[in-house]
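Two independent chains are provided; combine them into the complex using the hints.
Listed below are the residues making up each chain.
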Amino acid sequence: MEWASFLQILESTIRLSTPLVFACLAGLYSERAGVFDIGLEGKMLVAAFAAAAAAFATGSVWIGTLAGIGAALLFAAIHGLASITFRGNQLISGVSINFLASGLTVVLGAAWFRLGGQTPPLTGDMRFADAPLLDLFGITDPNPVIGLIFGHSVLVYVALLMVPFSAWLLYRTRFGLRLRAVGENPAAVDTAGVSVVGLRYAAVGITGVLCGLAGAYMSMALSAGFLREMTAGRGYIALAALIFAKWRPWYCLMACVLFGLLDAVAIRFQSIDIGVFIIPVQFTQALPYILTVIILAGFVGKAIPPRAGGEPYVKER
Amino acid sequence: MDKMPRWADVVLVPLICLVIAFFFSGILIWAIGQSPVEALTIMVTGSLGSTYGWGYTLFYATNFMFTGLAVSIAFQASLFNIGGAGPATLGGLGVALSCLFIPWPHWSLALAGSMVAAMAFGAAWAFLPAWLQAKRGSHIVITTMMFNFISYALMNYLLVNILRPVGKMDPASARFDEVTNLPQLGDILALVGIPFSTRNPANISLLIALACAVGVWALLWHTRLGFAIRAFGKSEKAALYAGISPVRITLYAMMLSGALSGMMAINSVQGEANRLLLNSVEGAGFIGIAVALMGRNHPFGIVIASILFGFLYQGGSQLALGTTIPREVIVVLQALVILFTGALPYMVQKPLERLFVRFNQGRAA
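Top line first, the protein sequences correspond to chains A and B. The C-terminal position of the first sequence is numbered 304 in this note's numbering, with every residue numbered one higher than the one before it. The C-terminal position of the second sequence is numbered 392 in this note's numbering, with every residue numbered one higher than the one before it.
These are calculated hints, taken from the structure and not from any lab test. There may be inaccurate statements among the hints.
Chain B side only, calculated, beta carbon under 8 Å to chain A, not exhaustive [stated by the list, open to error]:
#1 Ile54
#2 Leu55
#3 Arg163
#4 Thr170
#5 Ile177
#6 Asn183
#7 Val356
#8 Ala362
#9 Ala370
#10 Met374
Just so we're clear, the structure is a prediction, and the values are computed from it rather than from any experiment. Idealized CB from N, CA, C, for every residue including glycine.
Excised from the complex, chain B in its bound form (with noise of 0.2 Å):
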């Protein structure tokens, strides 16, 4: 007897996972004293009931998609890729110094300036726990994890000592020029004639992360070096015995994944705060883990639960705003998101596979 169908593993247990981690995030707002309809009402209405709100929403998105697909295309190696927040640091570096120090004519060449930059500074930070991963066995969750915090100290080095503007107080790099400044996604709708807010921070960073979400598909799915990555997250031993090396997949996938996760510069330091900031990256890198997670691996999964996730985050500030639940809330949610469907994974996959068993089992009776 087979077990479930297809697209019930793949949009039914996400679906439940969500519904239960919703259920308890409302159990936490009642026991606040507040009403779950309410702020749910509020999140609704304040991300998704106008295109600002929607214009924050796929902003949000936008860093969630680069960072999801970072992780998710590290985990199609089985590698836990923790440090999505590290390269997404540097690349915000490569972003500034790009836009800081280039004369760049027009938007659109800086806009290829910053990507390149970006890709190989988030790359590059991506590569020695990699390397050390595959020649020196280190553990990659532990290193990737220490390389994060050796980010934020670097990064808070060089923008209090070095980037920082003559008499300026706060750590933050100066101002980048007018012409870099990318497209509002409100202007580009314009062109379609689509009325869209221009007062949100979404840009075209929203286009080209679909268009990476396409690329990694056609990578892990149609060409050799995605095979070859699916095959070592697989079974290491297999891939070796397919003339498969390990150590060129988990330096390839690695810094892959880095340069991915370095994109999301684009969106937030260069299409957003037009200056590199402390913490530009916000907790993105941890939301990659959880996106991955919930979109089961797969691009168009991913795109989906980032949109999901922006939706949570704007719906998260409306909530601060408009009443006293504090926008942690959405802290809580994410991380029993990721408890249900990354960690608790057979608490709803083993029930619903037993039902669908049984259920089956009746029909064929």
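Only chain A is shown next, with the shape it has when bound in the complex (with noise of 0.2 Å):
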């Protein structure tokens, strides 16, 4: 393979990470506080639909990267309200989440719109710069690997300081001890004297903003505008991601790139031929869901979710 195309498989990396990484985080909080949440997706699909719809409206990425934390947020409040207050089955929630998201974006995008359920193609203001740190030095035509380096648009550098953060957050801080053990054992929690349901609410207010933030990218950097279904399985990805990474944060980074690199070369190579047999492009599609049910067979070290993970905490009385 030559360089020139190494290059920009890594480049495709880096920009098919970033949600992942954001979404992975964003399962890593809620997961690691006891409350199980398959419904990445739909959280990171209504987001890129509010975020791309407002930054039409009012021709402001930054608003519409709000509109996107708002609109997952609320949908994460569902979850909260379904399977903290109500104590319901989590593991429904998100999939009736997932449906939610699905069929309203398609509903309001049609009835505002009149394209049949996608947003009109973001220009200029409305989506994120390309490369800032490139235009801020003046750099218009940088090597490959500077722009490798600089050339992203800035969501990509908050995902990765977000990797850094999230572990500082979870092993550094009280809050962070706090909202592990509430994941492990929430009775302890609750006898010291610490609000399990407000733990919980955190963790899950933080899954919904990072979740905005995964859907903000997807409409508005890696695409220009919201197409319906866009999202298309990245929350089941990263959530395979979260599993692979053993709920791990750093791990999340490595799993995520792992992915996003197989998700790169998959759209690169239509199949691959090594010499003695072809790789077939769905096998490399398949590969991450492949990964992870080997990791969670516990062939290549045990993937043990938090102790109290799916359970709605009941005080005793």
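Below you can see the structure in the form of structure tokens.
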């Protein structure tokens, strides 16, 4: 493979990993606090739509971002209400959130823009700038390596910074300790006089914000506008990455980059001929799921979810 | 003081959830500037106003009966099988291989062959997640979800690279031989003198789905295995103490579930399309969850809920034809039904229970 296409693949790996990193970290907070979230996909999708719609209406990418975060927070609140306050089934709630997003975005999109569920293409200030760092230093024609490092939209760097920040927040602060504790043994946290409900809502809220950023990135940086079902299963891939990373922040980054790389390879090369036989593109596309199943099966180290995950907390009376 | 009577739990709670879901969907339709009443009228006349509409309603309902029963049998063992789509996809492959490569002399034999193939393929696809759950403790929700995606990739590969006829562009298999075509519901009803449209895909699979519902009911409440499945679902520890093997029950429940999902293909692949298409399942795997929740996990309830969702599905396509309301309104409605019946049961159930308690107290005093 020549140098140029190698760089191209790296470049698109970074772009494709970014929404995964946001969504994967989003899931990390929620699941570490004991609230399973298979609704990452739905929250990303509704955020992508709200972001693109608001950006188109106002002409500002930043208002779009806020709208995306707001929409994802609203959906996170539904999930919180169902799984924390009403002690419902968190998995079923997640499934319903995915459907709600899938239906609502098309219905509202078709009604508002009359384009069959997509938003009009976003231009200029309605999108994130492609390479603000290069613009800042006035570099117009960077060499490929500089471009690879500095030539990305601002959210790429935000996603990268979120990883050390999350590691710090979860492992080095009191809030993080309590959040992790509430996912392992909520009764102990309750005994210590800390609100289980409050902590879980906080975690679900952070999940909403991060999903909002993931969606905003999808529709305003990776693409120029919203298309129906544009998240195309990335929320599930992020969930797979979270399990692959065994619910740890730095490993989340690695898993997401690996899955982003697979995506980039599948897009760049249709089928790969490795001499002995041909690897079909569908295999590359399915590889994240296959790897996750192998990890889940515990053949390569065991993936143990937070102990209190999936169970609503009921105070003893 | 006892809580509410059984009829309220079984009938009233799902009904109230449905009303709430309809209410919110109505608000949505109103919010996009359309008339909810008119939309409902179009849906009802389009799906129930003619035997043509009824045919489509029952055709969709057949799919949902299979997937709903599949979800519910796993639910009974307290396994949340989110992967109805995977076995249903593989069941389609089984049906297609059987119809394409075996020279069946008569449709009845072809149907029997397809059923065996669909069940075998569906059960086989459910085996691995079940085994991983039982033996390795891998969470069944995540593994079945992963297996859904793997099944899409597999189907994509097979259709594009292997089953696609030479010279065709779209990723679909060749057409099945005419002899494998299943009898239409209209033809069957004509035998007993009931006039029913034949210009719709409803076919004999409906009767098979109804038979499956009876079969599942008999299995769950009148056999040892059914008792073991339900006991395991209620309490794993108690079941273990009673000498019920968790591994065996998990495997049986999941493979039965996979076989039922796979059976959906006799309706959608052999009954309607007559060839294997890329997305032959079309979300029926997930609607199975809604149907199982709505039907309170009981085969009889699932039949009713399937017909309801069949009506919604057919009504939704009529909406898309007759108005500017996209059919995705139905997806919203379906999401709300899942949310209220599955994830927010206490929101409806608890206040209702309190109401009944107060009512009973009032009568006793």
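Hint check, Val356/B versus chain A [nearest Cβ-Cβ separation less than 8 Å]
6 Å, holds
Status of the Thr170/B interface restraint (C-beta, 8 Å, chain A)
6 Å, holds
Interface hint compliance - Ala362/B to chain A, C-beta minimum distance less than 8 Å:
Since chain A brings a Cβ to about 3 Å from Ala362/B, closer than 8 Å, the hint holds.
Do the numbers back the hint for Ala370/B, that is, is its least Cβ distance to chain A under 8 Å?
Hint on Ala370/B: holds, closest Cβ of chain A at ~4 Å, below 8 Å.
Minimum beta-carbon distance criterion (8 Å), Leu55/B to chain A
6 Å, holds
Have a go at the Asn183/B hint: is there a Cβ in chain A nearer than 8 Å to its own Cβ?
Interface hint status for Asn183/B: holds (5 Å vs cutoff 8 Å).
Satisfaction of the Ile177/B interface hint, Cβ to chain A closer than 8 Å
Hint on Ile177/B: holds, closest Cβ of chain A at ~5 Å, below 8 Å.
Evaluation of the interface hint that places Met374/B against chain A, nearest CB under 8 Å
Nearest chain A Cβ about 5 Å off; hint holds.
Let me know if the C-beta of Arg163/B comes in closer than 8 Å to any C-beta of chain A, holds or violated.
Holds - the Cβ of Arg163/B comes within 8 Å of chain A, reaching about 5 Å at its closest.
Measuring from the C-beta of Ile54/B to each C-beta in chain A, is the shortest one below 8 Å?
12 Å, violated
Hint compliance for this structure: hint 1 alone is broken.
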